[in-house]
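Q: Protein chains in written order, with this note's numbering: chain C, 8 to 278; chain R, -9 to 365; chain F, 31 to 417.
In short, the hints are calculated from the structure, not lab data.
The calculated BS3-like cross-link candidates involving lysine-lysine, where the alpha carbons are at most 27 angstroms apart (straight line), are: (1) C:Lys141 <-> F:Lys130; (2) F:Lys369 <-> C:Lys141; (3) C:Lys232 <-> C:Lys152; (4) C:Lys152 <-> C:Lys92; (5) F:Lys223 <-> F:Lys290; (6) C:Lys141 <-> C:Lys152; (7) C:Lys232 <-> C:Lys92; (8) R:Lys87 <-> R:Lys55; (9) F:Lys214 <-> C:Lys92; (10) C:Lys13 <-> C:Lys24; (11) R:Lys87 <-> R:Lys157; (12) C:Lys24 <-> F:Lys130; (13) F:Lys290 <-> F:Lys222; (14) F:Lys84 <-> R:Lys157; (15) C:Lys141 <-> F:Lys99; (16) C:Lys24 <-> F:Lys290; (17) F:Lys99 <-> F:Lys130; (18) C:Lys141 <-> C:Lys92; (19) F:Lys369 <-> F:Lys130; (20) R:Lys94 <-> R:Lys157; (21) C:Lys152 <-> F:Lys99; (22) C:Lys232 <-> C:Lys97; (23) F:Lys290 <-> F:Lys130; (24) F:Lys290 <-> F:Lys220.
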Amino acid sequence: MIHAIKVAQEERLFAGKSVSVAVITRGRPPGYLRVAFSAVAGLLRGLWLTLGYFWSPEAIVTRQYPENRATLQLTERFRGNLRFKFPNEKAQEDHAAFIEQLAHETQTHAHVAADLVREENETRWYHNCTGCGKCQEACPNASIKVFTRQGEILEDREVDRFVWRLDSCMFCNACVQACPWDAIEMTGGFENAVYDRRLLVYNLNRLAGPRINYIEEEENPEVRKRMVERRDRYGGQVPLNGFALPNLPPVPMPADSDSRAVDTDAQARLT
Amino acid sequence: MQFVHTIAAAAATNSTWAPQTLAQRAADSAPHSLWLTAGYFLLAVVGVAALLSFLGMALIYIERKIAAHFQCRLGPTRVGPFGLFQTLADTLKLVFKEDFVPPKADRSLHMLAPFLALLVPVVLLALIPYSPNVQVADLNIGILFITAIGGFGVMGILIAGWSSNNKWSMIGAMRAGAQIISYELSATLALLVVVLFSGTMSLTGIVLSQQDGWWIWRGHAAGFVAFLIYVVASTAELNRTPFDIPEGESELTAGFHTEYSGLRFAFFFLAEFINMFTVSALTATLFLGGWMPFHVGDWAGFNAAMDTIPPGIWFLTKTSMVIFVIMWFRWTFPRLRVDQLMHLEWKVLLPLGFANLFVAAVVVLTELYPYPLAK
Amino acid sequence: MTVHVRTLDELLHAPLEADSELTTQEYLVNMGPQHPIAHGSLRVVVRLDGETVKEVIPVPGYVHRGVEKMCEHLNYRQVIPYTDRLDYLSAIMNNWAVAKTVETAAGIETSDRIEVIRTIMAELQRLQSHALWWGVTGMDLGAYTAFLYGFREREIIGEIFEETIGARLTMNYIQPGGLMYDIKPDFAAKVKKLLPYLQDCVEQYETLLSGNVIFQERLRNVGIVDGARAVALGCTGPVVRASGVPLDLRATEPYGAYGKVQFNVVVGSIGDCWDRYYVRLEEMRESIRIIQQLIDGIPEGPYSTIRYNVELTLPEGIHYGQVETARGAFGVLIASDGKQEIPYRLHFRSPNFNNLWVVTAISPGWRIADFISIQSSLDLVIPDIDR
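Using the sequences and the hints given, assemble the complete structure.
A: Now the structure itself:
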């Protein structure tokens, strides 16, 4: 310290209140030699501090993304991409096991094997959403649009497409909080770079249909099947705020491992 | 005056070293074979060019790595093993970038300035004794030449700032001019101390004069103080933090090279790093014995053991140490203000330098060295 | 006390004074919107005479997004994420300002637990903000290493936020009637483990910058603003406290759990850059003290007293509430018509906007480098100015 810094505590009256105050004062500048000495000492102390960090590799804080992808731990509450909760855990596990077995049999990776599946178990996409639209109301910047339809079997409103616009979402978590049915969650997904902005409009539900408990109440598997209808991942409203680019070719829909059938309607709308 | 040629002359006659420069070899070979002479010249040119490009790459990489480790980071790791090819990639990028000249700039001067800035360190590279047999030319007025040429370096910066037709560049150039010219005084005073000690201006002569001990400790306090003054003053001449006010990123965006892009920007960048090397090499040569191994008076066994390490390694080690210190400064200290910079030079370093020179003269006249001179 | 500020137009068209003897001339330069000192995109037009600053005109508005107007179409819960994006380094405290205003106006009670957690979070955020500011000040003055050290601490506190809230920057954590999430069981233990480390870091800050002669010379006695002037300019936060005015809403009108803890309002003596610097360093220590007092006795209870989907309508009238953010008093003024769920009119009183105008008052006469010191000692966050 060139100039001694003192922090003195005192009580001061301010705005009609006695406030406990710490006053920073500085001493008078010391003599010339003293200044020179403490200046050099201060510089050396700084150098010593940085040298300490230089010699300690354990102090390095760099995390090498994407090399650390495998070990990257995001917290459970991390607010990344929005997604539907799929409560039929057994079906999920069965599917995963099936894919693993298939990969083992065909000597390929799991994601390749997943592409081989033609007929798959739709029950794993049963969801909690009733299409009530609370999330849509709660969203501060209209990133969510819930399309409902009149169900054939139950004759009630049910979710048709749950469209979430990642491009305008600000990850405030309002939709998740607003959902009375615990149907959606924010996840650890954050790698969202795409070349076409239209690919940032997601259809979150994979099945149009009623909430899972209504389906599971139904005993007849045939009726169950008729209650739901497949929906593709990218099947949103017209994106780009209504300004479709005239000369742009149709969006190449990424091959979605979960569905072979491409929503042609949606594709037609996008072009 | 007897003392003027004492040490260097004595050292040169008593020395076990027989330094030979490329220029000398070329001159010696001229009567026998002109082809050989031409070969030596070519070797000198190619050698300096190769050294230039290698140093540029290596120093930038080292600086980035050192900076990173001071800052708890890793630095470049992606391009090549340990990120070794990062600088190469950056250079390639700069080569392919547009060489933009502002419309209202003084075009010819704007294009010329980077070359002027690079010229000085390149010339100085030729004078540095890297090892007894690796030196392009040894001038008997070496120190004088270095000071004169070194002073020319500011021209590139001034011209760059002036010709860019940009207010930031102009402020940066003016700051650089004031700073470099001021600090040259102190640097020269520090150099004079060594000249006084060794009695010669030739760089090889100075190295030879340190056979029995380096001037940093053999010259009593005067040698050490001169060393400190030289390190501070030359850091200032390099425009590096804490004296980087001509570039002062947060003040002048990039100072004198604000308007430069592509290869010309790379030249300024290269010039800064080569300058850093030459300054460090000179510091090592003048105060730390250059390629001379660490000798202590008449400890014959110790000295012989030290001699087993090749002189080139000694030079490299000392130079890298000085480079590390300069980088260490940069990654620890904040930047001075212009008037504080001038205050430091004119009111602290310069008087100190004069006093130091006087003390050095007393030391030389009274021959108050730690142990007797090699006579 | 009046401060005359010329408009940009006046400045640009005013004749530049020429010194006939030396035939030098003053000149105008734009510092920003693209300039390292702009810290985002603040444009400052500076009239210079050589190196000396003659006049400074800030030209804000490059990050203007019309947040207040947008908020007139949003309900009170939806307003909160927008406040994250004003002074993004004090996101939690901005959230708190809205929540506090709405709670007071609508008469929503909160529990002790909620207030204690809010206070701890706000103080952690203050620490985080000051750590970053310290680093940025170092970088502005040329010590680049300081920047990374400051950022390191910021990230470490960010981890705590990420675990509890799920976000590191735009928190949206404090909501009317409570919090977004409850704290996790190991929250207190983690924070307690962090505090000694942060104390250590403050000591390192002292060593690396405070104790450095160059740094001291750059800040001491530069850009002095006295208390009366700071108050006249509407400054709050460390800027006004550095001038010796103990204006700290945490102490003068205690909210949250601030009434229950012992802490000092740190004030400076003369109001130069050094005081502004050191006030913040001391405030970090005070923040650590506040957290230390609260972290052991977090009461039990729910983390929100109202359900999320409950309709929030404020009574007709104008409601104002303010909190002390890392940069000063952040106020929220809501005009409600008593019928709708959305504010009829809304205004944010942002600390940075007022603090910004200090540069016009104190910069003239100093050099360019001092102007940098002054501006970084004010710790401006530009989106908060422009809104």
